[in-house]
Structure formats: C-alpha cells, structure tokens
Amino acid sequence: SSPTPKFVSKDGRSTMEFKARIQADYMDADEIGTGKKASMDDAEKATEIRRLRFGLEGQFSRDWEYELELDFAENEVDVKDANVTWEGWENQKLTLGFQKYAFGLTNTQSSAHQVMMERPSVDTFSADRAMGAQWRYRGNNWVFSLGLGMDYSETEETIIEFEEKDGEIEEIGLEDESIYGESMFYTTRFTYTPINSNNNLLHLGASYMMMDLDRDTQEMRFRARPAAKYTGRMVDTGNFDSTGSDTYGIEAIYQHRNFMLLGEYMNSTADQIDDEDVEVDAYYATASYVLTGEQWRYSGKKGVMKSPRPGQAISEGGWGAWEVAVRYEQANFLEDHMKYGGDLTTLVFGVNWYMENNLKMQLNYIDAEADNKVKDEYSTQDTNILQARLQFAF
Amino acid sequence: SSPTPKFVSKDGRSTMEFKARIQADYMDADEIGTGKKASMDDAEKATEIRRLRFGLEGQFSRDWEYELELDFAENEVDVKDANVTWEGWENQKLTLGFQKYAFGLTNTQSSAHQVMMERPSVDTFSADRAMGAQWRYRGNNWVFSLGLGMDYSETEETIIEFEEKDGEIEEIGLEDESIYGESMFYTTRFTYTPINSNNNLLHLGASYMMMDLDRDTQEMRFRARPAAKYTGRMVDTGNFDSTGSDTYGIEAIYQHRNFMLLGEYMNSTADQIDDEDVEVDAYYATASYVLTGEQWRYSGKKGVMKSPRPGQAISEGGWGAWEVAVRYEQANFLEDHMKYGGDLTTLVFGVNWYMENNLKMQLNYIDAEADNKVKDEYSTQDTNILQARLQFAF
Amino acid sequence: SSPTPKFVSKDGRSTMEFKARIQADYMDADEIGTGKKASMDDAEKATEIRRLRFGLEGQFSRDWEYELELDFAENEVDVKDANVTWEGWENQKLTLGFQKYAFGLTNTQSSAHQVMMERPSVDTFSADRAMGAQWRYRGNNWVFSLGLGMDYSETEETIIEFEEKDGEIEEIGLEDESIYGESMFYTTRFTYTPINSNNNLLHLGASYMMMDLDRDTQEMRFRARPAAKYTGRMVDTGNFDSTGSDTYGIEAIYQHRNFMLLGEYMNSTADQIDDEDVEVDAYYATASYVLTGEQWRYSGKKGVMKSPRPGQAISEGGWGAWEVAVRYEQANFLEDHMKYGGDLTTLVFGVNWYMENNLKMQLNYIDAEADNKVKDEYSTQDTNILQARLQFAF
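Protein chains in written order, with our numbering: chain A, 1 to 394; chain B, 1 to 394; chain C, 1 to 394.
Don't read these hints as lab results, they were simulated from the structure. Treat the hints with caution; some may be incorrect.
Okay, derived cross-link-like pairs now, BS3-like style, lysine-lysine, Cα gap no bigger than 25 Å in a straight line [said to hold, decoys possible]: (1) C/K306 <-> C/K93; (2) A/K6 <-> B/K375; (3) C/K93 <-> B/K6.
Non-contacting residues of chain A with respect to chain B, defined by C-beta distances greater than 10 Å in every case (computed) [what the hints assert, rightly or not]: (4) L68; (5) G97; (6) G132; (7) Y254; (8) T269; (9) K301.
All C-beta atoms in this analysis are idealised placements derived from N, C-alpha and C, irrespective of residue type, glycine included.
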C-alpha cells in the first residue's frame, strides 16, 4: 500500500494526498568526448540525488483538482507543478498554471516510470514546464491534448564592469545585467489505442509543437548526453540565432504480456536568422522483457506506461520483479552548413529490480559513440558508462 | 470545504493543518520610466509564479500554537513563518520567533486577501519579517499589537580582488566580503471597530514604527513600483546614510453590505546622517463593489478583511462572485534637498472573480504617472500595465 | 502529545509521520580572534534561524522504512535525509541512500537533543551526510554500526577569465570552472551499555573512520569555532594536501538519576602529501543536573541520549523542567611542523528550560581561549559569547 493516505473532507468534495520521490544515483563513466569542444573530459564517478520531490495533490471542490510539486535535488528548489484543473466538462480536463505539456511518449511519461534511468535523446525536443493552459479530451480509446505555454521573463546574469583611466584600471565592480526573453509554444498530442486487451496492447501517437522565440532569447541549440545525467553533452550544435522551431514526433507501443516494445521518432526544424534552417532528428527503440512475468501497466488517461508491480515483493518473502531491457537510440544533430554538430549513437542495456510497489533498483550499461564536426574538422568519440539508481516513490 | 483536514491528537491538545498558496501571474507592461535613472525600460511581458507557499500550523499542547511557512516562488526558498505563540494569558497572544509584524492595514492583511493584485505603495514602509517577539491584546471591539523585531546578520557579497605589479595584473580572484548590519524595530498597531453589524462595518486604526539602524547597514531608501511586481521602480530616493526612521500610519475601513471603502495614510521621517531629515508620505483609497452581492468578511482577531466567498461556486453550477474595484494611490517621495526622488500617482482598476472558496482570478489595469527629480532635472513618465492572476489558496 | 499524527494504511503496512524543527537563535559575541589570520573580528550580534527542518518518515511496507528530511535555514535548501531502510533481517537495519553516519556520541545524537546549543569541537571530525549504505546490528545491550559513504561530485566555481592583448585587457568574462572530487569513507561505531537501570546508566563506545580523498579534492583542514555557530573559526590548520585520514574516538555516558556526565575523545591523523602527517585531537566533558528532577532518556536503538521531558509543562500550570550544565572542551589543532594551527579551550555554561515536550529554551555563556601559530608567530586570543535559542521540534 502507498504510504500516503488520501484524506477526504466530511462533505466528500475535498481530498489531499502527498507525493514523494527519491532517486539516488551512482555513475561511473569513462572519458567522455564533448561535442562542441571535441575534446575529452576525464573519467568520472558521480553519487547524486537525481530527483527529490515532495508534493501534494487532490480535489478542492467537486470538479476541481490541484497539484503542487517541488524538486529539491542538488539542494536547489525547482517548482514542478503549481496548477489547478477544471473537470466540470464531460471527458475533458482543463489545466491552468505552471505545468508539464504532453508531447511525445517518453517525455509525457513520468520520470519515475521509465524503462531506462534517463530518457532517450528525443527528450531534447520537449518543451520545458511553463505557465499556461492545457486542454485534454479523452475518447473511448484515444486522448487528445492541446497546450499553450508561455515563458516571458527577465533573468539576471552577473557581469563585470570596470573602467580604464590613463592606462590604469580605476574601478572594478560586479553588475547584474538583465536578459529578457519571450518564448511561447503550442503543443498537441494525439494517441490512439486500437488494441488494449489483457495480453496485448497497441498504442500509436503523434505530437506536434510550434515554438516562438522573441527579443533577447532568439537563440536555440540541439544537444544530447549519452543516456546519463552527470556527463557532458557528446553532441551539440552550439547556439544559433533563431525565431523558433517546428517539431513533430510519432510514437508506438506494442506489448504482449511481459514483453514490450517502445519506439519514437522526432524531427525538428529551426528557423535560423540570416542563414539556412537547421533540421535535426532523433529516434529510439526499446525492448523490455519482465523475467518474472509481470506487465507494464497502460494508463489510458494520459496515454503512457506505468512500471510493473512485483507479483511477490521482497517484504512478502518473494524476489520482486526482474526486467531486462535494451534501447538503441540515435540523435542526428549534424548539419553540414553549421559550424558545430554531431551524430550520437547510444546503446543502453538495463536491468530493473522492482523490489516493492514503491521501490526499485535500476542498472544501466551504456555504450555511446559520437561523430562530431568542429569547424572544419570531423572526429569520433566513444564512451562507456555504468550507472545505478535506487528509487523510492509514491 | 478546504482541502486540508485538521488533524487532532487523541488527547485533543495537538493539531496540524497544512497551508498552500499558488499565485500564477501574467503581466503586460508598456515602457516603464525608472525613477533614479530617469530613463525608460522597454515594454515587457511576464509570466511568473508570484507566490508558492507551503506550510503547516496548529497547536502542540493546550495554550501553544506553532506556525511554519515557506515560499518557493522564483525557485528560491524564503522562510515566511517559523514561530510559536503562547495563548495561556486571557485575551492575549505572545508570538516568539521569525514572524510578520502588524503594521498598517494592507500590510497586516494577507497577500491572499487583497482587493488588488499588489499592495499599494504604503507597503514600502512596512517592516520585513524578522526574528523577535510580538504581543497582542484583543478587547471587545479592539486589538492592540506591540512588536519587537531584530535583524542582526552578516551577509556575504562577492567582490573582485586583484593585484597590480609593475603595471601588470598579477592575480585576479573573487572574494566574499561580509557586510554586517544591525537593524531593530518596534511596531505598534491599534485598531478599533465602533460599528460591526451584519450590514455595516466601521474600522479605524493607527500604527507606529521606530526603526534603528547600526553599523554597516546605515542606509535607507524609499521607492515604489506602479502596483505591479515585475516592473522597475518608478520613483526612488536612492540610498542615503541614516540611523533610522519613525513611521506612523492611520487606516479606515467602511463597509455597507457588498460595498467597501478602504483607506490608509503613512508618513515616514528618516534621520539623514550629516544632512537634513528625509520626510516622505503615501496614501491610497480603494472602493470595491461585489456585483453578485457577497461581502468581504471582517476578522476581528487581526483587524483585517478577508475575501468574500462566492454564494454559488462554479462547481455548484453558479457563476461565482464578481467584484469590481478601483484604487487611487499616491506616493510622495520627492524632497527638494535630495538628489533623487519622485512622486507617483497610480490608478488601478480591478475585476475579481471568486470562482470557488479557494480559487479566484484577478484582472488589474494600471495607469501610473511619475514626476521624478534626477540631480537638477525634473521629468515625467507615464505607463500602463495590464495584469492577471490565478490564485489557489487554502 | 506530538502535533503529527501517525497515519496508518488500512492493511497496517504503511505509515506516514511529519517532522519539523525550528531553532531560532540569538547571539552576542565579543571580538573574536580568528585562527589563520590571527586577527580580531569585530564584536557582533546575530539573530538567525539555525535550523528549519521539514520531513516525513514512516514505513512503506512491512520491513521497509523511508525517511525524507530537508533543511531550509538561511533560505537555502539542504537535503538531510533521503533514504530507505530494510528491516527484514532480525535485529538488523540496512539503510540505503543519502544519510547520516553513526560516528561518536555528540555527532550521532540529534541536534535537537544536545545539552548545549552547539556540539563540541570533536564534531569537526565527523563525516558529512553522504550517499551510501549503513548496516546496524542491535544486541541486547549493544549496538554496532558499519557505514560506507561516497561523495563523487563535480562542483562549479565561478572564476574570472580575461585576455591581454598589447598590454590592454581585451575581454573580461566570468567562467564556471568545475572541480571534481572523490571522497569515500568507512565508519564504524560500537556502543555498549553494561548498566541501564531506572536510576543508573553506563554507556561506553568506540568509533573509527577511514577517509579517502582523490583527484581534485585532496585537501584537508582541521578547524573549530568556540561552541557558537555565527562566529569565525578560532583555530584553523589551513588547507593542506592529503590523501585521507584515520580518525578514532571513544565516548562514555554516566547517569545517576537527574545527574549526567558525558565525555568523548577523538584523534585524527591525516596523511600529508610530500610532508609529515598531521595528527590532531580534541575532547570534552559535560556535566548536567536537572534541577526539577527529570532525567535524560537513553535510546538503546541508536546509543544516544534524548532530552528530558518536563514533569509539569507550563501549559499544565507547571514551570517546566530546568537544567544547568557545564562543558569543558579542548581542541589541539597545533602541529609544530605546520604553518598554521592552534589550540582552543572552551568553557560553556548552560541553562535549559524545557517548557513543553516539544518546546525548549537554551542559554549558553561561553569563555574561549585560543593559542594560535601563524607562520612563525604565536599569539593568544580570548573571547566571550552569550547566546540563546528557542527550539520547537516534533
């Protein structure tokens, strides 16, 4: 059972539940070739809290839900959810406030329910959480989402100011310079589940996003890490001036009992100011097999998968659920007319141990290879990474 | 009903309740004239989480209350309340720890229960939350508060250090310099409610604060924004050396059914070291009319108003409560013997939609005009701002 | 009663409890002599929130516990606990994740349950909270702990970069430089309680820790403050290059009714690269007498003491529990072959007032004297500090 009770008010209209998520990671990486610099970073290990979430959610009157979630990893605050949802229209949900936007499969699916420790490189294309509105319609075997996100904000950067007088430096000070950016995006996702029986699942989906950039933040870049969080980026186009981008993606899930296939393709075209467009794409395919026979669970509400629950948890004298998985991913971020860029091929082998409903361990072995362009030179870098995670979540 | 249950221990002596507050803002401002620089900032939009609070409060034994509240807006931690209150003496409360000090009407009243999105410019004079003690006596139709706040602290600023040798810079480093400040203040507030019937309310109040500054922080300034949070300050006296200030304020509320008038005047005199005193004042008047007939609710305990509750919430098939309001405010921060300063006149038109007991939307249109002095030149700046807020709070 | 209820799921296997801790401090210190600089810092006062904790803990299935605790003091996030504990083996606990490691008495004992406001200088030797594993075996009257902690991480420091061309500075920028450190430690603690009756307690213990440092962080230093948090360090060896250290400690508690003696000795030897080893030690003895007759409570589970509970709390018309205590401590951080270092003798007089089960006030008067070596010069500095704390904790 979940550690959090669901508190219900006397009139039955208000509820409150708590949420928590701890992901404790260990990583041991070989030398990593970094994209833009085309140099090698030293081999490194990392022990980090990847996510440390605390939140509350529930209903605050008939037809209204609320959600508030914070992340405290790396001893920093990161607001994740701060929104309310209107459910008064049949089959529909309208979420207002700071939220995550449905776009693609791996990105829409919770970070607590991924086959591998880190999302594949298509995640690069997803929108950041932002203030805005999102409307969702759920049909019999389909879900349609439409979102509008806005990030108009001023950020401060510390720069140095000094004066030279008669060849001598007279005064040196630190000054805060403000950078004002406007970004606005529209997202849509449509998923359809033609087959959804006890033993078989077929899910198909398509997503589209339009991103508008304005004023000081007309910069964009595409870059990716090798399926690990604590390394440098192996491929990176570098910043380029842009007014926005168009991104689309297609996705599919096929599940037969304890065997599952996931795949996704995404393509993004960014308008480059005073230059040719930048068009990049990425895709992945994941195969998973749960050795102990349990199945990944389909959430028809959001059109995503949820982790299997162990048939016999170790606290009940069992051995939990065991899963083996492999993922092949490719990110093509190399455009010949660009100064920088690269192609990244990543192979991830994973073992997942679902010890309890709320507790799992993950082990990933990663083999990544990047072909990079830096100005006029091309080079190839390889790396291997071993990483593990302990996750407690409710 | 509120989403948080009130948990009560078996012996009935201990309780716990949760608190949360989300304010999601949108702002669209024209060019803003900044006070001290007398220049214009570009027109800007903002989408920001204005407040994101989480807290708990309750009783921990007969006669004792506790309060712990944090703010996470802008992804930063801001401790709001961390205190305990002794209630063992009849009609009295003694609060110890980190807390807010009663001073004036708009400042004492919760940010979740303001007629307009932002407090008027008299808020400039209020004391920051601080460590200390506050004693409150509640009579039949009056409340008296007496507070002592202290902020003795060392703050670190990053400065640059370098050495010059033989005309060449030998070493450059960033060094943390500590600034030590002592500030101490005394606050009092007395409110009296001669009329408090179902249909009519008359509330009168007076406040006084003495502020002492010592050692490194003997700097003061008066400044104000045009009733919006994400713009620059339109008037600003700039920093001046001071040993402290005396501030007093008077306030009044008149309410007849769904019509309400609020007003406040504050005057502050700051002692200027080696120069004339600086005397500034500010005032405002607010008129509010709840179209759907609901009333603002008077809290006799603190001598402040609380938002109306919708007679028929939208989750009950109604249209919620609708309110229109207007506020005129004036800040006179211009002293002829000062280098900088200005007068700011702000007119705010507001529409509030109380959708549910815990949910409201606010829309403000602002017209502000500042007359600024910068050294020997005088200038006038105008601006218009449109802003909206979605607030969920319990 | 505690303000937090213990929520239990219907199947009785999952629980949730909240934790909170507020420590509001006031300090008034005379001039402080700082170790390495051998100069005097001005007299200062401080009003600070020393700790502001919020957390939750409980069981998430038979045999598993979870713990999540955060600190928000100084408006910063500090993850304290993020771990799970396996209890499925008899008499044993295995904790995985981010946690505190048992080492010595004062360090293992909670900061909410110390006789004086700040821990004595032996605390310098304790390991920081870290990711890792800890195993605990509890016998009849003994506890054995074995821990492994790891901190592999990259931290970023802001440094300045600039270029000189033809004698002129062409460009100045702030750059983030990453420092990668590997530290790993093993801790053990064994405590034994030969006498543990109603009126008499004898507890003996020994601890050992091995610390390994690698790559960029091969720096170590020993330093101590005079039993206060908001002053400078009075003794400090300065940084020296090291590959690690060995530290051992012995501890004892003797309690007869409302009288208690605590003592601890710790010795650390750090390997110094290209130089002699650095060997330092520290010890303290504390005597406490609870005037109102209550006793400190022994926690056999962890081998530490917990604060007395007032026989008659002030909310029950009593005067709470009153305790007087004195602590003598010595830190010998002076090695003749080192450039910097010092010996610190600190005497602390304390009065504790346990007002309620969850509320106490502490008053400490401190007299500290340091004998410092700075290069070839020796000097002596004295200081006196008065400090007070209000603590609310559950």
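Is the hinted pair A/K6 and B/K375 satisfied, with a Cα-Cα distance of at most 25 Å?
-> violated, 62 Å
Should the label of A/L68 as a non-interface residue stand, given a Cβ cut-off of 10 Å to chain B?
-> The claim breaks: A/L68 does not keep its Cβ more than 10 Å from every Cβ of chain B (closest is about 6 Å).
Given as non-interface: A/Y254, which should sit over 10 Å from chain B by C-beta | For A/Y254, whose nearest Cβ neighbour in chain B is about 39 Å away, the distance exceeds 10 Å, so it holds.
Does the structure keep C/K306 and C/K93 at a Cα separation of 25 Å or less?
-> Status holds; Cα separation ~21 Å.
Confirm or reject the statement that A/T269 sits farther than 10 Å, beta carbon to beta carbon, from all of chain B.
-> holds, 26 Å
Does C/K93 pair with B/K6 here, judged by a C-alpha cut-off of 25 Å?
-> Answer violated: C/K93 to B/K6 is near 34 Å, above 25 Å.
A/G97: least C-beta distance to chain B exceeds 10 Å?
-> Since the minimum Cβ distance to chain B is about 5 Å, A/G97 lies within 10 Å and the statement is violated.
Find the nearest Cβ of chain B to the Cβ of A/G132 and say whether that gap is larger than 10 Å.
-> It is violated; A/G132 is separated from chain B by about 8 Å at its closest Cβ, not greater than 10 Å.
Reported absence of A/K301 from the contact zone with chain B (all CB gaps over 10 Å) | holds, 21 Å
In the structure shown, a violation is registered for the earlier hints numbered 2, 3, 4, 5, 6, in ascending order.
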